[in-house]
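Novice: Read off the chains here:
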Amino acid sequence: MATTEEAPTRRRYPWPIEFYRSAVGKKWVMALTGIALLGFVVAHMIGNLKVYFGPEDFNHYGEALRDLGGDLVPRTSLLWALRIGLLGAALLHVHAAYSLTYTNWKARGGRYRQRDYVAVTYASRSMRFTGTVVLFFIVFHLADLTWGTAPVAPDEFFRGDVYANLVASFERLPVAILYIVANLALGVHIYHGTWSLFQSLGYSHPRFNRWRKGLAAGLTAAIVLVNLSFPIAVQVGILEI
Amino acid sequence: MDVTLRVWRQDGPNRPGAFEEYFAPGISSHASFLEMLDIVNDRLTLDNREPIAFEHDCREGICGACGMMINGQAHGPQQGTATCQLHMRKFRDGAVIIIEPWRAAGFPVLKDLVVDRSAFDRIVEAGGYITVDTGSAPDANLVPIAQEAAEASMDAAVCIGCGACVAACPNSAAQLFTAAKLAHLNLLPQGQAERYIRAEAMVDTMESFFGSCTNHAECEEACPKNISIDFIALLNRDYIKAKWRNGRLAAQR
Ligand code: FES
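Keeping their order, the protein sequence lines are chains R and W. Per my numbering, the very first residue in the first sequence carries number 1; after that it's consecutive. Per my numbering, the very first residue in the second sequence carries number 1; after that it's consecutive.
The set of hints was computed from the structure by calculation and includes no laboratory data. One or more of the hints may lead you astray.
Claimed, not checked - Label pairs and their in silico Cβ distance ranges:
no.: 1; chain 1: W; residue 1: 12; chain 2: R; residue 2: 222; range: 30 to 36 Å
no.: 2; chain 1: W; residue 1: 118; chain 2: R; residue 2: 138; range: 40 to 46 Å
no.: 3; chain 1: W; residue 1: 110; chain 2: R; residue 2: 213; range: 47 to 53 Å
To be verified - Partial list, derived from the structure: chain W residues whose beta carbon lies under 7 Å from chain R:
no.: 4; residue: 23
no.: 5; residue: 73
no.: 6; residue: 105
no.: 7; residue: 215
no.: 8; residue: 218
no.: 9; residue: 233
no.: 10; residue: 236
no.: 11; residue: 237
no.: 12; residue: 252
From a predicted model like this one, the values you see are computed outputs, not experimental measurements. We put the CB at the ideal spot given by N, CA and C, even for glycine.
Let the hints inform the model, and build the full structure from the sequences given.
Specialist: Set out below in C-alpha cells:
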C-alpha cells in the first residue's frame, strides 16, 4: 500500500483551454474577438458609404460581397467563411462577458452606503448594458435587412435590392430612431472597448496611453457619425428611391 | 471642529451590521483621521459603550493596516495617502463622514471596520518568493541590475497590501495588488527562475478569491502608493506566456 500520497494534480488541458478557463484569459479573448468585431464594424461602415453613390453602386457593392475571392473560390464561400468567423467571435465575446459578469457578481461583498468613483467612466460602467443593447440590435438588423423577416423588415423587402430595402426600412420613423439609439450604444461600447483592449492584451505604456484615449475617441466619433448619417439621410430625404 | 460620523458597526463575522451615528465635537483640525477615531473611542469607552474596532499599526503609511472607506473613497478624499496620513483639516467643520469597511467577498468583515485580508497572504504565498543559495551571505552587488529595472521594480514594491484596490474596484478584483507583487519580482534578475510559475500560481490564487479586472482603473486612483495599472498589463502579458510555457513543460514530464 502506498504510504506517500501524491498531491492531487488537476488534469491540465491544452493551453488555450487552460487559458480560457481563467478570468485573465477570458479578457484576452474578449480583446481579440473585440478587435475582430471592431474590424467588421469599420469595414461595414466604409462599405455602406457606397449608398451615397446611388442605387446602382450600392447594389453592386452588395453583389461584390458575394463574389469575394473572385473566380478563385466558389461564389459566396468567402463571404460565408467571414460570417462564420464573425459569428464565432461574437459567441466567444458574449460567453466570456457573461461568465466574467457572473464571477464579478459573486466576488462583490455588498454595496457601499456611499461610493464616489473617480476613474470609472459612463462607458466603462455600462459595458454590459450597451453590449446587450448591441446584441439585440444585431438580431433586429439581420432580420430587417439581411433575412427580410416580417414584421421587422419593410413590406417592400426584396432580396438583392439592398438600396431599396435600406431606404424602405429607414423611412419608418421608429426604426430610424432605433438605429440611432443602437448606434449610440455601440459607440459608447466601442469607446471603452478600444481603450481597454490594449490593457487586456498587456499593451500599456505611459508613452502611448494618451494616444489610446485619442484612438478610442476618434474611432467612436467616426463610427457613430457615419452610421447615424444613414437613417438621418433617409429621414430628411437625401436618400430616396 | 465638530464632525458627525456614520460608522458601520458589526459585532463579528457573518453578523448583521448597521450604521451608527456619533457626534464628535471639539476635534482638532491637526488630528489625523485615526487620532480622531481614538478620541471618539475614548469617549465611547468612558460612556461604557463598545469602541469602534479599526485596524492600524505604523500610522505612517507603510504597513497597510488602516484601510477603510471614507465618504465613498478608499483611504478618504486625499489622493496617494493611507487613512493614517489623512488629517481632519481635509474636512469641513460640521462635516458628516461616512466610514465603512472594505466590501468584497474576498475580504469578509471581522468586526466593525476590520476585514480579513488573509486572501492577500494566500496570493503572496503562491509565488512571492525567489530561490537563493544558502550559506554565507553573498557579496553585495553580485547581480548587476539595470537602473531602469530596479526603479520599475521599486515602483511596484511600494505596495503595502492595504486592499484599497479591491475595495475601490466595482468588480472586487485584486489585479493591482497581484500585479504589483508579481512585477516586483518579475522585473528583477533574481525573480527570473520562478517567473512563469509565479505568474500562473499568483493569478490563479487571486482568481479563487476575487473578481476580474474590467479596466475601470479605479484601483489606481485609490492606491495610497499611486501604483500604476501598467503593472496589470505586465501581469496580463506574463500570464499568457506562463500558461503557454508551463503547459509545455508539463507535457515534457
Ligand atoms: S496604519 Fe500603517 S499604513 Fe496606516
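Novice: Can the hint on residue 237 of chain W be confirmed by a CB-to-CB distance to chain R that is less than 7 Å?
Specialist: 3 Å, holds
Novice: Could you check the hint for me, namely that residue 110 of chain W and residue 213 of chain R are 47 to 53 Å apart, CB to CB?
Specialist: Given about 40 Å between the Cβ atoms, the range is violated.
Novice: Was the hint right that residue 218 of chain W lines chain R, CB cutoff 7 Å?
Specialist: Since chain R brings a Cβ to about 5 Å from residue 218 of chain W, closer than 7 Å, the hint holds.
Novice: Measuring from the C-beta of residue 73 of chain W to each C-beta in chain R, is the shortest one below 7 Å?
Specialist: 5 Å, holds
Novice: Does residue 105 of chain W hold up as a contact with chain R if the rule is Cβ-Cβ below 7 Å?
Specialist: Holds: closest Cβ of chain R sits about 5 Å from residue 105 of chain W, inside 7 Å.
Novice: Have a go at the residue 236 of chain W hint: is there a Cβ in chain R nearer than 7 Å to its own Cβ?
Specialist: Since the shortest Cβ distance to chain R is 4 Å, the answer is holds.
Novice: Given residue 215 of chain W was flagged as interface, is its beta-carbon under 7 Å from a beta-carbon of chain R?
Specialist: Cβ of residue 215 of chain W sits 4 Å from chain R, so the hint holds.
Novice: For the restraint on residue 233 of chain W, tell me whether the closest CB of chain R is nearer than 7 Å.
Specialist: 3 Å, holds
Novice: Does the beta carbon distance between residue 118 of chain W and residue 138 of chain R stay inside 40 to 46 Å, or does it fall outside?
Specialist: Holds, since residue 118 of chain W and residue 138 of chain R (Cβ atoms, about 45 Å apart) stay within the stated range.
Novice: Given the range 30 to 36 Å, decide if the beta-carbon distance of residue 12 of chain W to residue 222 of chain R lies inside it.
Specialist: 56 Å, violated
Novice: Using Cβ atoms only, decide whether residue 23 of chain W comes closer than 7 Å to chain R, and label the hint accordingly.
Specialist: Hint on residue 23 of chain W: violated, closest Cβ of chain R at ~18 Å, above 7 Å.
Novice: Take the shortest C-beta to C-beta distance between residue 252 of chain W and chain R; is it under 7 Å?
Specialist: It is violated, given that the least Cβ distance between residue 252 of chain W and chain R is near 12 Å, above 7 Å.
When each numbered hint is compared with the structure, violations occur for hints 1, 3, 4 and 12.
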